[in-house]
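In the order they appear, the protein sequences are chains L and P.
Note that my numbering has the first sequence beginning at 57, numbered continuously upward.
Note that my numbering has the second sequence beginning at 95, numbered continuously upward.
Everything labelled a hint here was simulated from the structure, so no lab data went into it.
Predicted model only: the values in this text are computed from it and were never measured.
Where a beta carbon is used, it is the ideal one built from N, C-alpha and C, also for glycine.
Heads up, a few of these hints could be off.
[Stated by the list, open to error] Where chain P lies over chain L, by a calculated footprint (3+ residues, C-beta under 8 Å):
#1 61-75
#2 93-103
#3 111-122
#4 139-148
[Said to hold, decoys possible] Here chain L is said to cover these stretches of chain P; the calculated rule only asks that three of the stretch's residues, wherever they fall, bring their Cβ under 8 Å from a Cβ of chain L:
#5 105-117
#6 169-175
[Claimed, not checked] If the Cβ cut is set under 7 Å, some of the chain P residues that face chain L in the computed set are:
#7 S182
#8 A222
#9 A316
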Amino acid sequence: MIDTTILLVIVLMASVTYMTRIAGYLFLRNRTLSPRLTQVLEAAPGCVLISVIAPDFVSGRPADLIALAITVIAASRLPILPTVVIAVASAAILRQLLG
Amino acid sequence: MSDMTMPVADNRAEFFRGLRVSVPVLLGFIPFGLLLGSQAGMKGFSPLEIALMTGFNFAGGSEFLVIQLWTWPPAIPLLVALTMLVNSRHVLMGATLAPTMRHLPRRKVLPALALMCDECWALGLDDARKRGGVLSFPFYLGLSVGLYLSWPTSAAIGAVVGPSLGDVTRYGFHMAFPAVFLVMIFGMWTGFRAARPWFVSLVIGALTYLAVPGPWYVPAGALSGLLAAYLWARSE
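So that you can see chain L by itself, here it is in the shape it has in the complex (with noise of 0.2 Å):
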């Protein structure tokens, strides 16, 4: 079984993202990018991503807080899974402590 919203929503994602996957080949290969637009360009999906889990750093939860702080030197130096499982663990932990 297939929602028809789920799909519609797949389908439009499936475009857009094939859109941008051939645009630089069809468009933009015989031109150099501006160092301005190729900047913004690098910085884009980082800025995309760390506003989706922009509330976790305001949680007002303390326990959530500590272990943010914890995830986030934990991701800067591990791979994935040892990351999730430090970020997990270390809520999982504080809230039984903190509340």
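Since the structure of chain L is provided, determine the placement of chain P on it from the hints.
Frame of chain L; chain P shown alone:
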């Protein structure tokens, strides 16, 4: 130069060379896929639905974002706009890969680009540079196919497991998502200077979240970061 160069046996060897190179990266994909799938399952996605999303879209950052922001009914224009924004880096990647594909016809390149992800772009470009700037097409395909197949598969498995976990915040699983996003962000880290727009996004995003109900903190944070990147960029 043209695509007549390599005989079939070489094509096969090149394809398998690509597949071999992709294995360590592929293993790294699996935990991301399982996590994405389990979170999608908790938001009400069936394994088939998340497999279709990851299979047709095949761009992890945007899929994590859509699942994270998913509500019923979903804010479709916002989700699609953010997908485009987070994947806008592909434009740059395609532009840098294009010179290595001059020997290939468009009918081969356009379907092959559907498989272009950060990892196969980086590995493919690196390999092309070692061979005089010419991309080995079967190598690129071998590289991409392994990565491509592992992604929807692991996400679907995650969606089977996910809903059985119950109230995830009790076990600290709510911290898994920020962890994944932070790993992705640090993966793009090239230095504090280049990261300054991200701090702008974080601050504006957080303030907007506190001040305005709804998902507006995402576009507000993202656009303010882009504006900061534009203003900070030295246009020499």
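These are the hints, each one checked on the structure:
no.: 1; hint: 61-75; verdict: holds (count 14)
no.: 2; hint: 93-103; verdict: holds (count 10)
no.: 3; hint: 111-122; verdict: holds (count 5)
no.: 4; hint: 139-148; verdict: holds (count 9)
no.: 5; hint: 105-117; verdict: violated (count 0)
no.: 6; hint: 169-175; verdict: holds (count 3)
no.: 7; hint: S182; verdict: holds, 5 Å
no.: 8; hint: A222; verdict: violated, 14 Å
no.: 9; hint: A316; verdict: holds, 5 Å
In summary, the numbered hints that this structure violates are 5, 8.
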